[in-house]
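Asker: Chain by chain, the residues run as shown.
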Amino acid sequence: MLGLLRSGLFRIGTLHLAALVGVLLVLWAPALQAHAVLQSVTPADGSLLQTAPDALRLRFNEAVRPLSIRLIGPNGAVQDLTAQVPGAAELVIPLEGITQGSHVLSWRVVSDDGHPIPGAMVFSVGEITGATAPEADDGTLYLAIWLARFVMVAGLIVGVGGAAALAWIGGKGGHRSLRLMTIAGLVAAPVYLGLHGLDALGLGFAALVSPAPWLAAAGTSFGPAIALAMLAGLLALGSGRLRGLAWAAMVLLALSFAISGHAGAATPRWLTRPMVFLHLLALLFWIGALIPLAATLRRSEGLRRFSSRIPVALTLLFGSGLALAMIQLGPKPAHWQSAYGAILAAKLGLIALLLALAGWNRWRLTGPVLAGDDEAVARMRRVIGAEVLLSLVILGLTAGWRFTPPPRALAAAEQITAPAFAHLHADPVMAMLSLDPGRSGPTRAEIDLTDAEMAPIEALAVTLHLSQPDQGVERLTRSASHDPATGGWRIDDLLLPLPGLWQLEMEIRLTRFKMIRLQGEIAVE
Amino acid sequence: MIRNTLISLAFAAIAAPAFAHVSLEQPEAKVGATYKAVLRVPHGCGDLATQTLRVQIPEGFFNVKPMPKAGWVLETVKGKYAKAYDKHGTEVTEGVQEIVWSGGDLPNEFYDEFTFRGSFAGDLPVGSTFYFPVVQECAGAQEAWIDTSGDENAELPAPGVVLIEGKAH
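These protein sequence lines map, in sequence, to chains A and B. Everything in the first sequence is counted per the working numbering, starting at 76 for the first residue and increasing by one. Everything in the second sequence is counted per the working numbering, starting at 1210 for the first residue and increasing by one.
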């Protein structure tokens, strides 16, 4: 050992020798033991936890001193925890304010022999980021969300549309039931906002008493949308004989739908948002008029006006509806048979029924009613009642769209899940690495080893190191297992915490004494 | 932080070749001369005790004889060399290609040495590093000291010697 030391030192200039010996004397004494080996990580690397742990523990076979300890959150935010971790054989890394999702701990420690030992581990809290699996007990919450959304939408559409219709037709027919609908919608709106916040944060109903879900929901596009909708409801309640207020309420409500939800969020927004706006205006005109009309059938003026304008409204309704449906369905027919597509199909079926009823009213009953036929008036009232019921069912169906990603989104998601490939080569081995899906979050690696002529190569072991030096993520090390079915190697539980370019290093143990190392990089979404 | 980094850099500069690794006592050897290789095993596989040590003898190191160790079963794997070597005028065409000390028990807390000797061929390139890949086997685990890349940061480098100019016979 001394000989080794001496020969090393003699190659260094004598001027540096004194300095080196000084450092040696200070640091040498404890430096003679073996270098540190990581023995356990708690929680285990790659684990999915229900709640955030208080601390992470890295246990080494001897005392180490942290050089750099960084925690990278699901949103990419980096915390430097180096100063909070004292050196010891077991490093205890205190955790605070851990959010849901996957986190990566990147560490670099030094043991007494001065050998820096880098490493990284991943753990997830609540969910593995990128794969949101709805929990089993979300059923009640989803039902409550659907109910709140349905009452809000139906109440406000019938109430606000009705107030506008009253202002237009005149009279007070159905005034009280319209007010009740509006109030129901106004009550349901904030409830919906809070429930939406619970869903966004993954909290239980009890958390409604805390401000967190409300703030979270208000911060999404639902916040301003629900504020607008409630303003519309209040204007409608206060409109009375003031026509302008009722019109304004109608416009505000249509706007509120345009600025939130799947349809308004689809691109191109310059097209979808005006389409949603027009769709809602036409809908408010049609559905809103039903109750006031039924109440004022004998005053023929309203029905006459409605009959003359309804073709325009229906044209707008179906034109905008058709355009939105085409955008939402997206280019891939394979995705049309999703839950979204099923709701759309049911909605179209019910609309056909609704149109049949409306047509019956228009062409069979309107003439006799305008002529003062009492029997026709009673019959039309019943038909309008059925139309209102049908409209409510349709609104209930569309409230279900809250839970179904539109097919265009499914198609877009499929593009992102395309595998990522990397080709690594160092004589005599070529390795094809594929990550499927090729995005951050949980993924699966498959590795095929061949020689330069593409003939398969046998190996004893394959180890993959992944790092992102520019993001400060040290090497994640995963052993691949041999897949006898394909003859290749695979890592099933790979979790890539961040998107971007990952540096790859693949160690292939070809025989007991021969190991080859390939390097490369792979880009993930 | 900066202090830590400096200290670690100082360590890294001084401590290479690290004592943590399985290594050879004599870091240099003359080409065309005999060499007594003393393999130093500073620790087990993690916490586990070493039970078997396998050493590969690459082409170019011939006439190999391992030293028996009390408490260990010594075996060799012999085979034909790729070419003939000159042993004081005799042609040597086959010999030991792997040495296995097995059946031992070397706890992680203890240190031990394993010895063998042989000759380096005279035509090996001076200045290169000659590696003896070693696999250390413990109960249910192993450490494969087979990385011959020469990378200073290699986790498990193979023990090697730097070949220097030998005296002409």
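For the record, the hints were derived by calculation from the structure and aren't laboratory data. For each residue, glycine too, the CB sits at the ideal point set by N, CA and C. Some hints could be false.
To be verified - Facing chain A, from chain B, some residues (calculated, C-beta under 7 Å): (1) 1257; (2) 1265; (3) 1269; (4) 1273; (5) 1348.
To be verified - With a straight-line cut-off of 25 Å between C-alpha atoms, the simulated BS3-like cross-links for lysine-lysine are: (6) B:1292 to A:589; (7) B:1287 to B:1245; (8) B:1278 to B:1292; (9) B:1274 to B:1287; (10) A:589 to B:1296; (11) B:1274 to B:1245; (12) B:1239 to B:1292; (13) B:1287 to A:589; (14) A:407 to A:422; (15) B:1239 to B:1296; (16) A:589 to B:1245; (17) B:1289 to B:1245; (18) B:1287 to A:247; (19) B:1239 to B:1274; (20) B:1245 to B:1278.
Asker: Each hint needs a verdict: does it hold in this structure or not?
Answerer: Now the hints, each set against the structure:
1. 1257: Hint violated; residue 1257 of chain B Cβ to chain A Cβ min 11 Å, cut 7 Å.
2. 1265: holds (4 Å)
3. 1269: violated (15 Å)
4. 1273: violated (15 Å)
5. 1348: violated (16 Å)
6. B:1292 to A:589: Given pair residue 1292 of chain B, residue 589 of chain A holds - Cα atoms ~21 Å apart, limit 25 Å.
7. B:1287 to B:1245: With Cα atoms ~19 Å apart, residue 1287 of chain B and residue 1245 of chain B stay inside 25 Å; holds.
8. B:1278 to B:1292: violated (31 Å)
9. B:1274 to B:1287: holds (11 Å)
10. A:589 to B:1296: Outside the cut-off at roughly 28 Å; violated.
11. B:1274 to B:1245: Status holds; Cα separation ~10 Å.
12. B:1239 to B:1292: holds (20 Å)
13. B:1287 to A:589: It holds: about 18 Å lies between the C-alpha atoms, which stays within 25 Å.
14. A:407 to A:422: Holds, because 20 Å separates the two Cα atoms, which is no more than 25 Å.
15. B:1239 to B:1296: Since the Cα atoms of residue 1239 of chain B and residue 1296 of chain B sit roughly 16 Å apart, the hinted pair holds (cutoff 25 Å).
16. A:589 to B:1245: Within the cut-off at roughly 23 Å; holds.
17. B:1289 to B:1245: holds (22 Å)
18. B:1287 to A:247: The hint is violated at about 108 Å.
19. B:1239 to B:1274: Status holds; Cα separation ~18 Å.
20. B:1245 to B:1278: At roughly 15 Å apart (the allowed maximum being 25 Å), residue 1278 of chain B and residue 1245 of chain B satisfy the hint.
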